[in-house]
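Trainee: These are the residues of each chain, in order.
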Amino acid sequence: MIDDFLVRAGLAGLGIALLTAPLGCFVVWQRLAMFGNSIAHCGLLGVALGIILSVDLTLGVIVVSLALAALLIGMQGQKLLPDDTLLGILAHAALAAGLLAATLIGGARLDLMGYLFGDILAVSAGDLWWLLCGLAAIAGAMIWLWRPLLAISVHEEMAAAEGVPVNLVRAAFMLLVAFTIALSIKLVGILLITSLLIIPAAAARAFVTTPEQMALGAAGISIIGVLAGLAMSLHLDTPAGPSIVLVLTALFIATVPWLLRKNRG
Amino acid sequence: MALPAVIPLRPNGSEDKPAPGAGEALVTGDRLGLTLSGKTILENVDVTVHAGEILTVIGPNGAGKTSLARLLLGLMPPTTGSIARAPGLKVGYVPQRFPVDPSIPINVRRFLTLTVRVSPSAIRSVLQEVGALHLIDRPISVLSGGEFQRVCLARALIGVPRLLVLDEPAQALDYAGELQLYELIGDIRRRRGCGILLISHDLHVVLGASDRVLCINGHVCCEGVPEKVANHPEYARLFGRDAGKAVAVYRHRHDHEHDLSGAVKCGEDCGHKHD
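In order, the protein sequences belong to chains A and B.
First residue of the first sequence? That's 1 in my numbering, and the numbers climb one at a time after it.
First residue of the second sequence? That's 1 in my numbering, and the numbers climb one at a time after it.
Bound-form chain A, shown alone (with noise of 0.2 angstroms):
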């Protein structure tokens, strides 16, 4: 009953819950959301330069994003435009010029429709490869940043000034950031990654006391979001992607009278 490509993807959906979800509580407490969808727009541009230069497509999309993180890790601190404003020209135009060189290099040897909205169906056993051993870096890459990471999220001058490696640490987490979102992008697509970051993190903030409590309660209501969009997609026969993001999305909005009550109280 159980095919191989179902395995897979569950496989995947369940490694890419445990890296996004505490990732994405950060994301939030940092208001990094619109870095997330600079960085995943640029994605489509990396799959584009991955069939040019016939290099594996995950490398592509890995190298552009940290590529653009790396831009915008420079960028930080300029005072010429607002951060908002230049992260949504960045963002913009690595979509345009992804989809650009999408359409030039030709249909049959990109499945558009897949990049911007994700295929999970169709992860393959290199996929899932990269996939393992990225969540394994991450994850021991989360550990070591968890604390420095936290202090900043509350007060960055506060971690500056009694020893946190500011500038570092932040660094390192937007990199970490652009990392997992181009081996999540398979999964639910450019358009849409960046929900997996904000919507469990959100959703389960109304139930907890502390950072920990977060990142494993949001871990949580991400797989749940991702096996019941999956089997959604599978009874339905919607597309995964959407399917996960709107189970999750339905579960954010069942949170939301805690999360007012707890605001109230």
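Please keep in mind that the hints were generated in silico from the structure rather than gathered at the bench.
Note that the structure is predicted; figures quoted are calculated from it, not measured.
Here a beta-carbon is modelled for each residue, glycine too, at the ideal position from N, C-alpha and C.
It cannot be assumed that every hint is accurate.
[Stated by the list, open to error] With a Cα cut of at most 20 angstroms, we get these calculated EDC-like pairs of lysine to aspartate or glutamate:
# : chain 1 : residue 1 : chain 2 : residue 2
1 : B       : K90       : B       : E24
2 : A       : K262      : B       : D137
3 : A       : K79       : A       : E156
4 : A       : K79       : A       : E157
5 : B       : K90       : A       : E156
6 : B       : K90       : A       : E157
7 : A       : K262      : A       : E212
8 : B       : K228      : B       : D46
9 : A       : K262      : B       : D101
[As the list claims (entries may be wrong)] Computed footprint of chain A on chain B, listed as stretches where at least three residues anywhere in the stretch have a Cβ under 8 angstroms from a Cβ of chain A:
#  : region
10 : 68-75
11 : 85-93
12 : 96-109
[As the list claims (entries may be wrong)] Just the calculated beta-carbon pair ranges, DEER-fashion:
#  : chain 1 : residue 1 : chain 2 : residue 2 : range
13 : B       : G240      : A       : L216      : 48 to 58 angstroms
14 : B       : E183      : A       : V256      : 36 to 46 angstroms
15 : A       : G106      : B       : P102      : 46 to 56 angstroms
Since chain A is already given, all that's left is putting chain B on it; use the hints.
Mentor: Below, chain B without anything else, positioned relative to chain A:
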């Protein structure tokens, strides 16, 4: 730690107030200048914080008080001049009142150990010291202004700093709360013998609580013991003619509790200067 002590640290609690400039120099700014995007923020500022003293930096809004603190904390480099710190100097910092994002679930206990790892008993004792032990399990987002300031103070103290930098600690407090806070800060200095750099724009209460005052407005306007600064013409020009009187009133009230030791004494090192 081999600290090149300029003058040996006086023993804790031997006197109510150490004379100005008594302890070892913890951080020294030498002819500091700061220019940010073409605008001169600070010019030719000399400042030293010694162990065991409360140095208050006052000045009107936009005078560069917070910038000076940021320079001394090493959060940004000065455009001109230099900064020397005692080797291995541990710093505790209470920034200007700031909001903790309510999306971060964090209670007082955890807030205190953001950048240090300490035992549960150390957390309790430092909260006890600032009178906030009852808040230990409270989420940060529900604290009142005064509670939050005490918790921030405890957070800054938990790493056992030798230099404490407090930026407008009384901003959110009413008059009574302000008096209490400055009394607490004075107690901390006496108990721990650490140097305290206090940034403030409010005048009378903070002057009464300080050993030395540095009045700046981009440059150093005047400096010295509180009475000296309060009666200085530059001070009157910046804060109005009556500002000095309030200090005298507060000092007088406090005279019943503390002797005047360092306050009336004024050596060469606390004389004011001009540019």
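Trainee: Taking the hints in turn, state whether each one holds.
Mentor: Right, here's what the structure says about each hint:
1. Of the supplied pair hints, the one linking K90 (chain B) and E24 (chain B) holds, its CA atoms being roughly 14 angstroms apart against a limit of 20 angstroms.
2. Distance restraint check for K262 (chain A) and D137 (chain B): the Cα-Cα separation of roughly 16 angstroms lies within the 20 angstroms cut-off, and the hinted pair is therefore satisfied.
3. Of the supplied pair hints, the one linking K79 (chain A) and E156 (chain A) holds, its CA atoms being roughly 18 angstroms apart against a limit of 20 angstroms.
4. Restraint check for K79 (chain A) and E157 (chain A): satisfied, since their Cα atoms lie roughly 18 angstroms apart, inside the 20 angstroms limit.
5. Between the alpha carbons of K90 (chain B) and E156 (chain A) the distance comes to roughly 18 angstroms, so the proposed pair stays at or under 20 angstroms and holds.
6. Taking the CA atoms of K90 (chain B) and E157 (chain A), the gap is near 15 angstroms; set against the 20 angstroms cutoff, the hint holds.
7. As the CA atoms of K262 (chain A) and E212 (chain A) are separated by approximately 18 angstroms, the hinted pair is consistent with the 20 angstroms bound.
8. Pair hint K228 (chain B) plus D46 (chain B) holds up; C-alpha atoms about 18 angstroms apart against a cutoff of 20 angstroms.
9. Our distance criterion of 20 angstroms between C-alpha atoms is met by K262 (chain A) and D101 (chain B), whose separation comes to about 15 angstroms.
10. Coverage of the region 68-75 of chain B by chain A holds in this model, with 4 residues showing a Cβ closer than 8 angstroms to a Cβ of that chain against a need of three.
11. With 3 residues carrying a beta carbon less than 8 angstroms from a beta carbon of chain A, the region 85-93 of chain B meets the three-residue requirement, and the given coverage holds.
12. As drawn, the region 96-109 of chain B meets chain A at 9 residues by the rule of a beta-carbon pair under 8 angstroms; at three or more, the given contact holds.
13. For G240 (chain B) and L216 (chain A), the hinted distance range of 48 to 58 angstroms is satisfied, since their beta carbons lie about 57 angstroms from each other.
14. E183 (chain B) and V256 (chain A) have their C-beta atoms about 45 angstroms apart, which keeps the hinted 36 to 46 angstroms range intact.
15. Between G106 (chain A) and P102 (chain B), the C-beta spacing of about 49 angstroms keeps the proposed range 46 to 56 angstroms intact.
Checked against the numbered hints given earlier, the structure satisfies every one of them.
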